[in-house]
Structure formats: structure tokens, C-alpha cells
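J.: Here is how the chains run, residue by residue.
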Amino acid sequence: MKEVIKQLDKAFENRIRLGIMSVLMTEESITFNDLKSALELTDGNLASHLKALEKKQYVEVEKKFVGRKPNTTYRATKMGKKAFRNHLEALEKLIAGNH
Amino acid sequence: MTNTKALEDIKTIRQMMERSVRFSSLSGISGILAGIYALIGSYLGYRIVYLENTILKYREAYVLENQTLIHLIIIALAVLVASVLTGYLFSRQKARAQGRKLWDRSTRRVLINFSFPMVIGGLLILIMISRAYYGTVAPLTLIFYGVALFGAGNFTLKEIKWLGAVQTLIGLTSAIYPGYGIVFWALGFGVMHIIYGAAMYLKYER
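So the protein sequences, as listed, match chains A and B. The working numbering numbers the first residue of the first sequence as 1 and each following residue consecutively. The working numbering numbers the first residue of the second sequence as 1 and each following residue consecutively.
In short, the hints are calculated from the structure, not lab data. C-beta atoms are modelled at their ideal positions from N, C-alpha and C, and glycine is treated no differently. Be a bit skeptical, because a hint or two may be false.
[Unchecked claim] The following label-pair restraints were derived from C-beta to C-beta distances:
no. : chain 1 : residue 1 : chain 2 : residue 2 : range
1   : A       : Lys-82    : B       : Lys-5     : 21 to 27 Å
2   : B       : Ala-132   : A       : Thr-31    : 45 to 51 Å
3   : A       : Arg-75    : B       : Tyr-180   : 48 to 54 Å
[As the list claims (entries may be wrong)] Stretch-level coverage of chain A by chain B, calculated; a stretch enters the list once three of its residues show a Cβ under 8 Å from a Cβ in chain B:
no. : segment
4   : 9-19
5   : 32-43
6   : 84-95
[To be verified] Dumping the calculated SDA-like pairs for lysine to any residue here, alpha-carbon to alpha-carbon at most 25 Å:
no. : chain 1 : residue 1 : chain 2 : residue 2
7   : B       : Lys-158   : B       : Leu-202
8   : A       : Lys-36    : B       : Ser-24
9   : B       : Lys-5     : B       : Gln-15
10  : B       : Lys-161   : B       : Gly-122
11  : A       : Lys-78    : A       : Leu-46
12  : B       : Lys-101   : A       : Val-61
13  : B       : Lys-101   : A       : Gly-44
14  : A       : Lys-78    : B       : Arg-14
15  : A       : Lys-82    : B       : Thr-2
16  : B       : Lys-11    : A       : Ile-5
17  : B       : Lys-5     : A       : Arg-17
18  : A       : Lys-78    : A       : Glu-92
19  : A       : Lys-93    : B       : Thr-4
20  : A       : Lys-78    : A       : Lys-93
21  : B       : Lys-158   : B       : Tyr-204
22  : A       : Lys-6     : B       : Thr-12
23  : B       : Lys-11    : A       : Phe-65
24  : B       : Lys-161   : B       : Leu-85
25  : A       : Lys-78    : A       : Ala-47
26  : B       : Lys-158   : B       : Gly-87
27  : A       : Lys-93    : B       : Lys-11
28  : A       : Lys-36    : B       : Arg-109
29  : A       : Lys-81    : B       : Arg-14
30  : A       : Lys-6     : B       : Lys-5
31  : A       : Lys-63    : A       : Ile-5
With these hints in hand, go ahead and build the complete structure from the sequences.
T.: The following block contains the structure:
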């Protein structure tokens, strides 16, 4: 059981970060606003959690201009996707183990 | 980390993955209404084809009179516009109730995937009408609509796939029985929409 708990990723302990990664697993890339509406969050809240995931290099940002409008999109890195899968696996094991 | 917390985390993940992909603001009631419009339209069309020309042989009525064709096209377009408008208004309301924006990524994706077969099918049907292959109109509308729904079903309520599959089958059947286009339209666009809309309403909205 201890082993399994070690396998859980601290970065995903927070529900919002978990939500962000879940969306990024299904979406190739997504804009800040679409992510905001999917998760029903405020700007500041989402930004701070995205920063944390960026720092861990689980998420990467791409800043582009569409015409004159800045367009920021987010995507999960390979590392982030792998970490998320591991975390999910640990959660599953945890549940299976507790039965 | 307890069992409950782990389960809740998994639930969050699932919810978020579903939510990001699926457009869920489609209302069953708009399906029922679209079905009713289609039945009214079919009835009007039926009367034009059978009574205005006082010919009992259905086929000639369709083809010979230019006026008849125009009337039928107007009815079909009116049904289409009314259905789309109803769908839009109910979806907007449902999105509001869910606290979501109607115009987001999932909406765009469902519309793009739905529109592509619809536009191609629509163009093909226009070509067929211009070449006077009127008998192909009923099967083609049903088949392309069904294909569009089937494709869109990947990005919205899964049950739409069933509706799409049924529409394509009705379309194919109507190709086997030429001359009964209006009957198959009433069945596909009318009856099936009402059944589907009622089922979705009972399942998700009540």
C-alpha cells in the first residue's frame, strides 16, 4: 500500500489541476478561455494552477497572434501525459487494494 | 489518500474528459418539436402532391409541375429553418441552466462534424433536382442527415448515433420504394425525431 501511495503524483493532488490535466488529455490543445469554461473557473484561479503545472513541465504554453489578437493555447507535454497516466494507475491500484 | 477520495478523483477525471469533448446542451424538447414541424410539413406536402393536381398517380404530380416542386421546396425549407431555430433556442436555454457557454469548443466541433456531410449532401441534392432526378431527393436527404448525425454523435449525446443510423436505414428503404418519399420523410424527420426527443427528455431532463 505504501508503494502505491508513493506512486501518486503530488501535482495532481489538487482537484483543479487534476481537472486541467483531464481536459488536456482529451484535447490536443486548448485556449485559456475554453479551458476556463470547461472547468468553470475564474481567470486568476485557473492561471495560478496552470503556472504550477507549467513549472513541473507537465503543460506547455504557446503564444500566437491570430490577426492582432493574442491567442494563448495550452497543451499537455509528453512528460505530463505520462505522469497523469501513472497517477491514474495509482488511483486504480489504490481502490483495488482497499477492497 | 482514502478510497473515497481516490474514487472522487477518478470521477472528476471522467467528468472533465467527458465535458471537454461532448456537447451536452441539446434538448429533447427541440427534437419533439422538430418532429412535429416535419409532420405538419409532410401533411402539407402530401396535400399539394395529391390534391392540387388531382392525380392519384403520385409520381407525375412531383415531376411535371414546376409550381409543385417550388411549393415543396418552400415547405421543406420552412421546416428546416423552424427546426434549427427551435434547436438553437432550446440549446441556449439549456446551456444557461447548466451554467455553460453555448458557443464553446464542443459546440464548434459538433457543428463542423455535422455540417460537412449536410453541405455535401445538400449540394448533391441540388444537382439532382437541377437534373430532374426528383426521386433521389427523399432517400438522399435522409441518408446524408443520418450520416451527419452518426458522425456528430462522437461529440455529443451518444444516442444521436442511433438516431443517425435509423435515418440512414429509412433513407435506404425509401430508395427501394420510390414514390413514397413524403411517407418516409414523415417517418424519419417526423416520427423518429419525436421518439428520440421524448426518450432524451425522459432520460436526461426530467
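J.: None of the hints should be skipped; say for each whether it holds.
T.: Here is what the structure says about each hint:
1. Evaluation of the 21 to 27 Å hint for Lys-82 of chain A and Lys-5 of chain B yields a pass: the beta carbon distance comes to about 23 Å.
2. Taken as a hint, the range 45 to 51 Å holds for the pair Ala-132 of chain B and Thr-31 of chain A, whose Cβ atoms sit roughly 48 Å apart.
3. Between Arg-75 of chain A and Tyr-180 of chain B the beta carbon distance is about 52 Å. The supplied range of 48 to 54 Å therefore holds.
4. For the segment 9-19 of chain A, the assignment as covered by chain B holds, since 4 residues bring a beta-carbon within under 8 Å of that chain's beta-carbons and 3 suffice.
5. Interface restraint, the segment 32-43 of chain A with chain B: holds (5 residues with C-beta to C-beta distance below 8 Å; minimum three).
6. Counting residues of the segment 84-95 of chain A whose C-beta sits closer than 8 Å to any C-beta of chain B gives 5, which meets the bar of three, so the coverage hint holds.
7. Of the supplied pair hints, the one linking Lys-158 of chain B and Leu-202 of chain B holds, its CA atoms being roughly 15 Å apart against a limit of 25 Å.
8. The suggested pairing of Lys-36 of chain A with Ser-24 of chain B holds, with an alpha-carbon distance near 17 Å, which does not exceed 25 Å.
9. Distance hint between Lys-5 of chain B and Gln-15 of chain B is fulfilled; the C-alpha atoms sit about 15 Å from each other, no more than 25 Å.
10. This hinted pair checks out: Lys-161 of chain B and Gly-122 of chain B have alpha carbons roughly 20 Å apart, not beyond 25 Å.
11. Taking the CA atoms of Lys-78 of chain A and Leu-46 of chain A, the gap is about 21 Å. The hint holds against a cut of 25 Å.
12. Proposed proximity of Lys-101 of chain B and Val-61 of chain A is supported: the alpha carbons are some 24 Å apart, at most 25 Å.
13. Proposed proximity of Lys-101 of chain B and Gly-44 of chain A is supported: the alpha carbons are some 19 Å apart, at most 25 Å.
14. Our distance criterion of 25 Å between C-alpha atoms is met by Lys-78 of chain A and Arg-14 of chain B, whose separation comes to about 20 Å.
15. Only pairs whose Cα atoms come within 25 Å are accepted, and Lys-82 of chain A paired with Thr-2 of chain B is accepted, the gap being roughly 23 Å.
16. For a cut-off of 25 Å, the pair hint linking Lys-11 of chain B to Ile-5 of chain A stands: about 19 Å separates their Cα positions.
17. Of the supplied pair hints, the one linking Lys-5 of chain B and Arg-17 of chain A holds, its CA atoms being roughly 15 Å apart against a limit of 25 Å.
18. Annotation: proposed proximity of Lys-78 of chain A to Glu-92 of chain A holds, straight-line Cα distance about 21 Å (limit 25 Å).
19. With a C-alpha separation of about 13 Å, the suggested pair Lys-93 of chain A and Thr-4 of chain B falls inside the 25 Å cut-off, and the hint holds.
20. Between Lys-78 of chain A and Lys-93 of chain A the alpha-carbon distance is near 23 Å, which keeps this suggested pair within the 25 Å criterion.
21. For the given pair, Lys-158 of chain B sits about 12 Å from Tyr-204 of chain B by alpha-carbon distance, which is consistent with the 25 Å threshold.
22. This hinted pair checks out: Lys-6 of chain A and Thr-12 of chain B have alpha carbons roughly 21 Å apart, not beyond 25 Å.
23. Our distance criterion of 25 Å between C-alpha atoms is broken by Lys-11 of chain B and Phe-65 of chain A, whose separation comes to about 36 Å.
24. Only pairs whose Cα atoms come within 25 Å are accepted, and Lys-161 of chain B paired with Leu-85 of chain B is accepted, the gap being roughly 22 Å.
25. A hinted pair counts as satisfied when its Cα atoms are at most 25 Å apart, and Lys-78 of chain A with Ala-47 of chain A qualifies at roughly 21 Å.
26. For the given pair, Lys-158 of chain B sits about 17 Å from Gly-87 of chain B by alpha-carbon distance, which is consistent with the 25 Å threshold.
27. This hinted pair checks out: Lys-93 of chain A and Lys-11 of chain B have alpha carbons roughly 15 Å apart, not beyond 25 Å.
28. For the given pair, Lys-36 of chain A sits about 17 Å from Arg-109 of chain B by alpha-carbon distance, which is consistent with the 25 Å threshold.
29. Proximity of Lys-81 of chain A to Arg-14 of chain B is assessed by CA-CA distance (about 15 Å); at most 25 Å being required, the pair is judged to hold.
30. Under the criterion of a C-alpha separation no larger than 25 Å, the hint pairing Lys-6 of chain A with Lys-5 of chain B is consistent with the structure, at around 16 Å.
31. Of the supplied pair hints, the one linking Lys-63 of chain A and Ile-5 of chain A is violated, its CA atoms being roughly 36 Å apart against a limit of 25 Å.
Violation of the numbered hints given earlier is confined to hints 23 and 31; the remaining hints are satisfied by the structure.
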